[in-house]
Amino acid sequence: MIGKSVFRALNGRQEFVKRCSKIVIRASSTVPQMSLPLSSENSNPLPFFRSKQNSPSLHGSNNSGQFYTIDPSIKKQLFLYGGIPKTYDDLCKTFKETCMMIREPALEIMDYMKSTNFNNAATRYCLYGKIGTGKSMTMAHLLHYGFENNFVIVHVPWAPYWYKFPKEYSDCPTKEGMVDLPLDAVAWLIHFKNQNSHLLADPKLSVCQDWEWSKREITKKGAPLAEIVEMGINRVKHSTNCIEALLQELKQLSDLKRCKTLVVIDGFNIFFSDKTKIKTAAFEKIPPKRVTITSPFVDITKQDWSNGAVIVSVDDLAFFRKDERNTHYPRGLLGAEGFEHLDPFIPIETKNYSEKEFHYCIEYFLDRRWIINPHAASEEGRKELAFLSNCNPFNLLKVTAPL
Amino acid sequence: MSGMSSLTKLISTLARVSDTKLVLLNHSNVQIISSAKMSQYPKYFIDPTFRNDELNAMYETGEVKEKALVPCRAALTEHTSSEFYSSFTRKFINHVMRKGNKQLAREIVEKAFEVIKKTQIQKFHSLPPEKKVDFAIRDPHELFHQAIINVKPIMVLTPIKRGGVRYQVPVPVDDVQATILAYKWFIEASKDKERTVRFYNKLAKEIMDAANNTGRVVKKKLDLHKQCEANRAYAHYRWN
Chain G
718 MIGKSVFRAL NGRQEFVKRC SKIVIRASST VPQMSLPLSS ENSNPLPFFR
768 SKQNSPSLHG SNNSGQFYTI DPSIKKQLFL YGGIPKTYDD LCKTFKETCM
818 MIREPALEIM DYMKSTNFNN AATRYCLYGK IGTGKSMTMA HLLHYGFENN
868 FVIVHVPWAP YWYKFPKEYS DCPTKEGMVD LPLDAVAWLI HFKNQNSHLL
918 ADPKLSVCQD WEWSKREITK KGAPLAEIVE MGINRVKHST NCIEALLQEL
968 KQLSDLKRCK TLVVIDGFNI FFSDKTKIKT AAFEKIPPKR VTITSPFVDI
1018 TKQDWSNGAV IVSVDDLAFF RKDERNTHYP RGLLGAEGFE HLDPFIPIET
1068 KNYSEKEFHY CIEYFLDRRW IINPHAASEE GRKELAFLSN CNPFNLLKVT
1118 APL
Chain Y
-13 MSGMSSLTKL ISTLARVSDT KLVLLNHSNV QIISSAKMSQ YPKYFIDPTF
37 RNDELNAMYE TGEVKEKALV PCRAALTEHT SSEFYSSFTR KFINHVMRKG
87 NKQLAREIVE KAFEVIKKTQ IQKFHSLPPE KKVDFAIRDP HELFHQAIIN
137 VKPIMVLTPI KRGGVRYQVP VPVDDVQATI LAYKWFIEAS KDKERTVRFY
187 NKLAKEIMDA ANNTGRVVKK KLDLHKQCEA NRAYAHYRWN
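The listed protein sequences correspond, in order, to chains G and Y.
If you count the first sequence from 1, you need to add 717 to reach the numbering used here.
Numbering follows the numbering used here, in which position 82 of the second sequence is assigned residue number 68; successive positions increment by one, without gaps.
Isolated chain G (complex conformation) (with noise of 0.2 Å):
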């Protein structure tokens, strides 16, 4: 971390640059940047930002810092209702390209995978770090992963959102005092079915019991788990209640075998928070607790089923602003009751970009063209952007913006 900048005029020396030359940069030539080649996924040789790797089964330390490309179909498929953040699909669409950053915490989340034993319990990573760090990010490239390996993909893009911004919110006609959010149910049912289209076919994927949700709509032993899915997208009244087997069946379904899960949840802290925008009919603020949609993802990370992983992230963010507890380590954002629930976890940190992942970063925007401004291409500049953004990167971002 540079120190504070001092500037002392009369010394005449920059001290500022003296304390900024601790991040030794090299700018990688001084050609104008109009001359340099652009790069993408065709040019050979490819830039050494750039990795040949587009299979996250095959990232490895040696790729770390480099950026990956996203299949556009691929991209459709897990990612259309959510998964990469915004500002950064943004920048996807005006670069053309989905490329993402190969960095340590997905790296080791994939390393533990890869050697896990997954006859026992399902672990659970909780991924944690300071605000614009990688969360999300870390959590789009596990889902690729997990989506190349055949994993049937349980994805949370955003909890707070339901909490936050309910679509619809009504008294839940079988339980007392609970809430439904029926068309964010279908919402997550629709999402779900699009992530695993091409497993929902397989006819391993089978009910393990009968499950009825009125006394005319019976979903019955040995019917594909795809039946459930329509059953909660066409009939709005029963979508909570199809979450809820959904999730039920794929844990039974992981332990037996037939497949094997990957639950992703970003904002994971939301559900034991004391607030939210949601009401009864009586006008009475409730917590998660008392929104049936908040049970079943709740009961999918306990560890009472083998077979598969759950990836959960914390977030300072997922809170309102005003019950920000400005914190970023698990036990605080957690809080007693969810730590309680989630302990053991494997706690993985994001932090800030290194050195090595700040010069890459950098080098690929400058082939991108989104940082045009021929003084940040120097290496004072880059010095300048470093100690503005932390190397931060999501404030890089933000402050290469205008440039």
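Everything labelled a hint here was simulated from the structure, so no lab data went into it.
Careful, some of the hints might be misleading.
[To be verified] Below are the SDA-like pairs computed for lysine to any residue, each with C-alpha atoms no more than 25 Å apart in a straight line: (1) G/Lys813 / Y/Gln108; (2) Y/Lys188 / G/Asp807; (3) G/Lys810 / Y/Val183; (4) G/Lys1073 / G/Tyr805; (5) Y/Lys118 / G/Asp788.
[Said to hold, decoys possible] The following label-pair restraints were derived from C-beta to C-beta distances: (6) G/Leu900 / Y/Glu93: 29 to 37 Å; (7) Y/Ile166 / G/Pro789: 44 to 52 Å; (8) Y/Asp120 / G/Glu1072: 53 to 61 Å; (9) G/Leu973 / Y/Arg184: 53 to 61 Å; (10) G/Arg1042 / Y/Glu93: 24 to 32 Å; (11) Y/Asp120 / G/Lys1115: 26 to 34 Å; (12) G/Leu763 / Y/Arg184: 36 to 44 Å; (13) G/Lys1115 / Y/Leu55: 36 to 44 Å.
[To be verified] Per the computed footprint, the stretches of chain Y lying under chain G, defined by three or more beta-carbons under 8 Å from a beta-carbon of chain G, are: (14) 68 to 79; (15) 107 to 119; (16) 138 to 149.
A virtual CB, placed ideally from N, CA and C, is assigned to each residue, including glycine.
Model the placement of chain Y on the given structure of chain G, informed by the hints.
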């Protein structure tokens, strides 16, 4: 003798001050006229030097020793030694600012530049590889500079009263005033929009149009020039 030399020293220092004029009445008397209109500082205070290259130059020539003895005004918040400093843009941000909210004004103008950049990059990346070589992505600051040059008027109409009648007389306008007019017109044009359109989006569009010598702001300048041309019969009223 010593009095003369100290006076000449004072004159030579003050001569470098940007906002004072020296009128030599005779060989020993000098009247100092300041052209700065309002300032919390006395007239002999010099402007601060905050750019690295200027500072280094001062050290090399030894000018720093003289300047260190002259009282100096405080540097403004916008006077940074940043690599990305543009005095031109900073002035514009000041004009955009309302109620002293410099942060918001800066954010708006920076967002406008971001939008300019994004539209160019998107176009660039949509082109086939052969055409990419010819397409130049221009720095938003450079585009803005070009836009201002295209929009600055050479003449304006001023009301001059002669014989009880107010005539609109074409009058040349100096560079600073022309730039200020240009800034004002950009801001006015960007404000004139639908409720749902963001100011920075409109501003970005206006800047890009003006840099191409098209759009409503350039039209406003051309209309003004036409009116000046039409009123050239009254031009002599400037001197009566």
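How the hints compare with the structure:
The straight-line distance between the Cα atoms of G/Lys813 and Y/Gln108 is roughly 7 Å, inside the 25 Å bound, and the hint therefore holds. Annotation: proposed proximity of Y/Lys188 to G/Asp807 holds, straight-line Cα distance about 19 Å (limit 25 Å). Pair hint G/Lys810 plus Y/Val183 holds up; C-alpha atoms about 21 Å apart against a cutoff of 25 Å. The straight-line distance between the Cα atoms of G/Lys1073 and G/Tyr805 is roughly 20 Å, inside the 25 Å bound, and the hint therefore holds.
This hinted pair checks out: Y/Lys118 and G/Asp788 have alpha carbons roughly 22 Å apart, not beyond 25 Å. For the pair G/Leu900 and Y/Glu93, the supplied restraint of 29 to 37 Å holds, since their beta-carbon distance comes to about 35 Å. Between Y/Ile166 and G/Pro789 the beta carbon distance is about 48 Å. The supplied range of 44 to 52 Å therefore holds. At roughly 36 Å, the beta-carbon separation of Y/Asp120 and G/Glu1072 lies outside the given 53 to 61 Å, and the hint is violated.
Checked against the hint of 53 to 61 Å, the C-beta distance between G/Leu973 and Y/Arg184 comes to roughly 54 Å, which is consistent with it. The given range of 24 to 32 Å is respected by G/Arg1042 and Y/Glu93, whose C-beta atoms sit roughly 27 Å from each other. Between Y/Asp120 and G/Lys1115 the beta carbon distance is about 31 Å. The supplied range of 26 to 34 Å therefore holds. Checked against the hint of 36 to 44 Å, the pair G/Leu763 and Y/Arg184 passes, with Cβ atoms roughly 38 Å apart.
Separation of G/Lys1115 from Y/Leu55 is about 43 Å and conforms to the stated range, judged on CB atoms against 36 to 44 Å. For the segment 68 to 79 of chain Y, the assignment as covered by chain G holds, since 3 residues bring a beta-carbon within under 8 Å of that chain's beta-carbons and 3 suffice. With 7 residues having a beta carbon nearer than 8 Å to a beta carbon of chain G, the segment 107 to 119 of chain Y meets the requirement of three or more and the stated coverage holds. For the segment 138 to 149 of chain Y, the stated coverage by chain G is violated: 0 residues have a C-beta nearer than 8 Å to a C-beta of that chain, whereas at least 3 were required.
Hints 8 and 16 from the list above are not met by this structure, while the remaining hints are.
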